[in-house]
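Trainee: Taken in order, these protein sequences are the chains called A and B.
Be aware that the first sequence starts at 11, since it is given in the numbering used here, and climbs by one per residue.
Be aware that the second sequence starts at 11, since it is given in the numbering used here, and climbs by one per residue.
Treat the hints with caution; some may be incorrect.
Chain copies aren't distinguished; within one or between two, either way the pair holds.
With a straight-line Cα cutoff of 20 angstroms, these simulated SDA-like cross-link-like pairs (lysine to any residue) come out [to be verified]: (1) Lys208 x Val239; (2) Lys208 x Asn167; (3) Lys208 x Thr194; (4) Lys100 x Pro40; (5) Lys208 x Pro169; (6) Lys314 x Ser230; (7) Lys208 x Ala147; (8) Lys208 x His149; (9) Lys100 x Glu242; (10) Lys208 x Glu242.
Read the hints as simulated data drawn from the structure, not as lab findings.
2 protein chains.
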Amino acid sequence: MSKSIRVYSPASVSNVTCGFDVLGFAIEKPGDIILAEQGGKPGVRIKEIVGSDSIPLNPLENVASVAAQALVNHIDPKIGIDLTIYKNIKPGSGIGSSASSAVAATFAANQLLGTPIKNTFDLIPFAMQGEQIASGAFHADNVAPALLGGFIIVRSNDPLDVVQLGAPPDLYTVVIHPDVQIKTSESRKLLPGQVPLKSLVTQTGNLAGLVAGLLQHDYSLIGRSMHDVIIEPVRASTIPGFVELKSAALHAGALGAGISGSGPSVFALCKGEISAHKVHDEMKIAYESFNIKFDSYISPINKKGTIQIID
Amino acid sequence: MSKSIRVYSPASVSNVTCGFDVLGFAIEKPGDIILAEQGGKPGVRIKEIVGSDSIPLNPLENVASVAAQALVNHIDPKIGIDLTIYKNIKPGSGIGSSASSAVAATFAANQLLGTPIKNTFDLIPFAMQGEQIASGAFHADNVAPALLGGFIIVRSNDPLDVVQLGAPPDLYTVVIHPDVQIKTSESRKLLPGQVPLKSLVTQTGNLAGLVAGLLQHDYSLIGRSMHDVIIEPVRASTIPGFVELKSAALHAGALGAGISGSGPSVFALCKGEISAHKVHDEMKIAYESFNIKFDSYISPINKKGTIQIID
């Protein structure tokens, strides 16, 4: 057992227009860092949280400790681990903040214990247990990309079936995170209970096209497929300036744009870094008139997922 | 302009479990053959139909002549073409009988005229016009695979956006065509107007998995993804013995099975020829107790689509 392990786990975008609850991808930055150290007594504890004062220190309520504890319970409940969380992804931003912390903690704990779980893939269910206490749902659509990198399909959550798609080499993302509060539970209430069959056909055609575009590195097809006729129409109004942000992104040459997770973050996909910068600039300009504080990120698709930081 | 052209266009399976109205693939056999010859006066005529007496000779009612006429109208309405149709795919079988004839006629007419349409892909809309008079819908999900081969996604019918997926090398299909009548229009009436959002998520997860499995040549993923929670449950009862056929296929090792088009044909996908023969035998045995005549086919996925036959 090592004395301490430091791990970086990236933010992620889930839903990805037509891929509601099914598709997600990891971005290079931001990402949470977790330091896991041998603890004196059994159980996972939170030693300190750097960068956020809204996250619970109580290990039963913190996604990172719950995830790491799930792994510890599986290996040996007598093990003790202390976690220090460097929180770089703002909670409630819609870019997988809780998934990042849960994944980082699980990965760090497994490294600290000498990788008793040999296949990184098999860490997903432990991280999902952590994420569940934040989102209320047992979903892998942020956890899996944060852990594995690239685009992933969650074919099924139960039984868990996650498919790795990698990412086209020139694909970049721009994320605008408006500083407004959207509760996932409230956002879920807006979802339609029933969907017209015609919309299902449109949505499935686009999702099939998007998956094919990602695997065939067909940027034009990716762009043609990025339409959501089911979820975006009901959620768009919860994000102030969504229409303007999306319009600015497309006007500046983005392949497509949509809501990240259940918002409030808005993402665009772009071909190439130059295009991403142009899209970023136009989205920023479009949003400045709204008098809402926001963060913005330009990033290639993260292909490595969660990594140990060697000092 | 050549004097005569002979063309083979294969049967095809559309819908493909979770890919309702979106996914299709071509099979090696059966397939229709069309002989196109220079005609004496303007317009496309049907000279003879060999192998079926239920198909209209009136060129305004026949999918092949309507499709070829659409192309002729586009090139030069003064052109005359006589078609002889060798009908090998039974009409109403659910394996793209009308699409095969429409595609063969379009392709043959284009060859006869010295390929004024340079890109085969661009023949799709003409063939769709023919198919439309048989199915009542303007759909490319049988036309596109019959023309191009392999698996195809119809991302959108209008504007037309078709994506070619090719096919994994060891993928085979078994088709059982029970000799019963199902009217597509009746079968359409069974479709639900609305679909629960939860079913949409299940269906989209499976379709994304199926597309990824086809492109990554992951046979296990193809099998895990071949589930239809929306259409098959309402249409299964229209096909006598469907449950038994599907069960026999899966029991014999098929990756998955489902309704071809709107039936009555039932198809299975298998890894390798040996498995396909086993699945074929078990499906035949299962169906013999139903006292319904049936045809059966074993075939690799057709990768070439429609071809000119050089005598």
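Trainee: Now, for every hint given, state plainly whether the structure supports it.
Mentor: Evaluated hints:
Taking CA atoms no more than 20 angstroms apart as the test, lysine 208 paired with valine 239 passes in both settings, with 10 angstroms inside one copy and 16 angstroms between copies. For a Cα distance limit of 20 angstroms, the shortest separation of lysine 208 from asparagine 167 across copies, 12 angstroms, qualifies, whereas the shortest one inside one copy, 26 angstroms, does not. In this assembly of identical chains, lysine 208 and threonine 194 lie within 20 angstroms of each other by CA distance solely across copies; the values are 17 angstroms between and 27 angstroms within a copy. For the identical chains of this complex, lysine 100 and proline 40 are intra-copy neighbours only, at 9 angstroms inside a copy versus 59 angstroms across copies, given an alpha-carbon limit of 20 angstroms.
Proximity of lysine 208 to proline 169 under the C-alpha cut-off of 20 angstroms is restricted to the inter-copy arrangement: shortest distance 16 angstroms between copies versus 29 angstroms within a copy. Taking identical chains as interchangeable, the C-alpha atoms of lysine 314 and serine 230 are never at most 20 angstroms apart, the minima being 25 angstroms within one chain and 25 angstroms between chains. Proximity of lysine 208 and alanine 147 under a CA criterion of 20 angstroms is satisfied inter-copy only: 13 angstroms between copies versus 28 angstroms inside one chain copy. Taking identical chains as interchangeable, the C-alpha atoms of lysine 208 and histidine 149 lie at most 20 angstroms apart only when they sit on different chains, with a minimum of 13 angstroms there against 27 angstroms within one chain.
For a Cα distance limit of 20 angstroms, the shortest separation of lysine 100 from glutamate 242 qualifies neither inside one copy, at 22 angstroms, nor across copies, at 44 angstroms. Taking CA atoms no more than 20 angstroms apart as the test, lysine 208 paired with glutamate 242 passes in both settings, with 16 angstroms inside one copy and 16 angstroms between copies.
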